[in-house]
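Based on the provided sequences and hints, a complete structural model is requested.
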Amino acid sequence: MSLRIVVTVKYVPDATGDRHFADDLTVDRDDVDGLLSELDEYAVEQALQISENSDDDVEVTVLTVGPVDAKDALRKALSMGADKAIHVEDDDLHGTDAIGTSLVLAKAVEKAGYDLVVSGMASTDGTMGVVPALLAERLGVPQVTLLSEVSVEGGVVKGRRDGDSATEQLEASLPAVVSVTDQSGEARYPSFKGIMAAKKKPVQSWDLSDLDIDEDEVGLENAYTVVESATERPARTAGTIVKDEGEGGKQLAEFLAGQKFI
Amino acid sequence: MAEVLVYVDHVDGAVRKPTLELLTLARRVGEPVAVALGGGAGDTAATLAEHGAVKVLTHEAAEYADYLVVPKVDALQAAVAAVSPAAVLVPSSAEGKEIAARLALRLGSGVITDAVDLEAGDEGPVATQSVFAAAFTTKSRVSKGTPVITVKPNSAAVEAAPAAGAVEALSVTFSAAATGTKVTSRTPRESTGRPELTEAAIVVSGGRGVNGAENFAIIEALADSLGAAVGASRAAVDAGWYPHTNQVGQTGKSVSPQLYIASGISGAIQHRAGMQTSKTIVAINKDAEAPIFELVDYGVVGDLFDVVPQLTEEVKTRKG
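As given, the protein sequences belong to chains A and B, one line each in that order. Residue numbering for the first sequence follows this note's numbering, starting at 1 and increasing by one per position. Residue numbering for the second sequence follows this note's numbering, starting at 1001 and increasing by one per position.
Quick caveat, the hints were computed from the structure, so don't treat them as lab data. Nothing here was measured: the structure is a model prediction, and the numbers come from that model. Ideal placement from N, C-alpha and C gives every residue a C-beta, glycine not left out. Where hints are given, some of them may not hold.
If you anchor each label on the Cβ, the simulated ranges turn out as follows [stated by the list, open to error]: (1) B:Pro1309 x A:Gln169: 36 to 44 Å; (2) B:Glu1123 x A:Asp31: 55 to 63 Å; (3) A:Ile195 x B:Glu1196: 41 to 49 Å; (4) A:Ile195 x B:Lys1286: 38 to 46 Å; (5) A:Glu228 x B:Ala1002: 19 to 27 Å; (6) A:Thr237 x B:Gly1108: 42 to 50 Å; (7) B:Ala1120 x A:Glu215: 29 to 37 Å; (8) A:Ala197 x B:Glu1190: 45 to 53 Å; (9) A:Lys200 x B:Val1011: 48 to 56 Å; (10) B:Glu1123 x A:Gln169: 55 to 63 Å.
BS3-like mimics (lysine-lysine), calculated; alpha carbons at most 25 Å apart, straight line [stated by the list, open to error]: (11) A:Lys243 x B:Lys1316; (12) A:Lys84 x A:Lys201; (13) A:Lys260 x B:Lys1316; (14) B:Lys1017 x B:Lys1279.
See below:
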C-alpha cells in the first residue's frame, strides 16, 4: 500500500511586519518579508507524523500557489522533511480570491495525485479559514477539518475537532481533505541535515496552462468579491496609564464605574 | 422587498445571540427569512419572529448531527432555490464559515467572511471587515452570484422587531457527499455558567503574567464579579493553564466586547489581532513598556496579584 499526502501551504507576509495594501487593494507583498504561514507548519508536521507512524509507503508533497518568493515556504517544508514540492506560479494569479485559489489548488492536487490533503486551519494573512472546505467541495471528497488530533489507518482518517460547544470525533474514508489547528502538536524545527537535504529535493513549477485553467477563471478582475476601500484604522488616542501605588485596583474600579461598566 | 436568508445557529431550539444580531443586519438589506435545521428547529420560530423573521424554514433530520457540515450546505442550497434571496447571512463560527464557503461555491457566488458591519449598497450588500490584526478596515461586496456573507458576533445590537415568523417545512434532498464525514462521538463541553467568549459584553483575559493554572482563579473571580467571559493568551494556553477554547488571538477566538480587560498580557501582534476591535480596553501589567499599553483606554502598571483582587473586591462592593 502506498499513501500520497499533499500538504497545501501558503507564503504570507510576516504578521509582525507593517502590512499594507497596494494601490489595487491587494496585499502589498513588496513592503513586508514573507514566510511559510505558521499555521501551515502544523499541517506539514502532521503529514510527517502520519508518514512516520505508517507501515505504508508514504510520500509527502508540499504544494503552494504564490509568487516567485513562495519557493521559500516550500524550502522550509522540505527542510522539515517533506519529500517533494510543487510551486504553482503565474502572473495571471495576482489578486485571486479564496474561490479562485481553491480551483487552482484542486486542479494541482488532482494533477499531483493524492489520497489525503492536509492543510492548516487558516492562513495568517487572510484568516478566512475556508480553503480546506472549498477544496473538499471542489474535489468531491470528505472534509475532516479543524482537527487537534489526526490519524490515518487502513484507508480511514480519524480526528478530533474541539468546537465551541462540544468535542467531536470524526471519521471519513480516503481520499479526504484534512485541516489541523495549532493544537495538533508543535511543529519540528528543520535540522541542519534536513536543510542540506532540502536543497537536493525536487521542486516542480506549474503554471495555469499546466493545470488547464483559463486566465479568466482567476486573478483580481475575475474575483468573486471586490474590495471597495481599505482605510488604516486611526491610532487609538492615548489612554490614561497609572502606576499602582497600592490603590491601582480601586482607581481602575473608579474608571470602570465612570464608563458605566459597574 | 427582496428576501434575505439567515442561517440559524441554535442548540435544541434555543437560538444563539449572534443569529438575533444577524436578523437586525438582515433587515437593512431585505426581509429576513430564517433557516433552522436539526433537532428543535421548529422551536426557534417564536424567538425568530420576535426579531424580524417573516418566515422560518425548518427541516429536522438526524443527518445534521451525525455528519459534518455538508448536510447543512445541502439544506441551505435548497432554501436558496426555494426563496431566490438577495443575500445569505451566516454566523461567523468556524463551522459557519465552512458552510458559507461551500454554499457560495455551489451557487457560483462570492463569499465574504468575518464581516463586522453590513449595509445596503447600489450593487448589493456592502460588508465592513477588520483586517491585518485590525490595523485596517475594508469595505467589500460580492460581485458574482448571490452574496454569501458571514458576520462576527457582537457586530450589531439585537433589536426586537415583531414579524409573522410563519413556519414552513423546507424540502431537502441530501447529496451523496452529505454522509462523507461521520461524527462518531460528541462530548458536550461542560458549561462554566459564564457567558460565551465571543458573545460576551465583557471579557477578562489572563496571560503569561498569571503564572500558573491555579492562579487563573483570580482572573475568574474578577470575571464573575463583572458577569464576564474568561479569555487567555496563547502563552497561557500553550503552558496548559487554560483551555484552548478560551484562547483570544489570531489562532484562537477573535472578540469584540464592550470592555476587554487584559491581565499579565504583553500584547503581541497575535493577541492584538483577536481583541483590538474591543470598544474599551483596559490592561494590568508589571511591565510599563508592554505593547498592550499602546492600545488601552486605561492601564495600570502594577502586579496583577495586587491589582486584580483589589479590583474584584471593589466591583463587588460597588455592585452591593
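Comparing the hints with the structure gives:
1. In this structure, Pro1309 (chain B) and Gln169 (chain A) meet the distance hint of 36 to 44 Å, their C-beta atoms being roughly 40 Å apart.
2. Roughly 30 Å separates the CB atoms of Glu1123 (chain B) and Asp31 (chain A), a value that falls outside the hinted 55 to 63 Å.
3. The beta-carbon spacing between Ile195 (chain A) and Glu1196 (chain B), approximately 44 Å, falls within the hinted interval of 41 to 49 Å.
4. Between Ile195 (chain A) and Lys1286 (chain B) the Cβ separation comes to about 39 Å, which falls inside the hinted range of 38 to 46 Å.
5. Judged by the Cβ atoms, the range 19 to 27 Å given for Glu228 (chain A) and Ala1002 (chain B) holds: they are separated by roughly 21 Å.
6. Checking the proposed 42 to 50 Å range against Thr237 (chain A) and Gly1108 (chain B) shows it holds: the Cβ atoms sit about 45 Å from each other.
7. A C-beta distance of roughly 33 Å is found between Ala1120 (chain B) and Glu215 (chain A), which places it inside the suggested range of 29 to 37 Å.
8. Ala197 (chain A) and Glu1190 (chain B) have their C-beta atoms about 47 Å apart, which keeps the hinted 45 to 53 Å range intact.
9. Range check, Lys200 (chain A) to Val1011 (chain B): Cβ separation about 54 Å, and the 48 to 56 Å hint holds.
10. Checked against the given bound of 55 to 63 Å, the beta carbons of Glu1123 (chain B) and Gln169 (chain A), roughly 44 Å apart, lie outside it.
11. For the hint linking Lys243 (chain A) to Lys1316 (chain B), the alpha-carbon distance of about 23 Å falls within 25 Å, and the restraint holds.
12. At roughly 6 Å between alpha-carbon atoms, Lys84 (chain A) and Lys201 (chain A) fall within 25 Å of each other, so this suggested pair holds.
13. Straight-line distance between C-alpha atoms of Lys260 (chain A) and Lys1316 (chain B) comes to about 14 Å, which keeps the hinted pair within the 25 Å bound.
14. Using a Cα cut-off of 25 Å, the hinted pair Lys1017 (chain B) and Lys1279 (chain B) holds, with the two alpha carbons roughly 19 Å apart.
Consistency note: the structure conflicts with the earlier hints numbered 2, 10.
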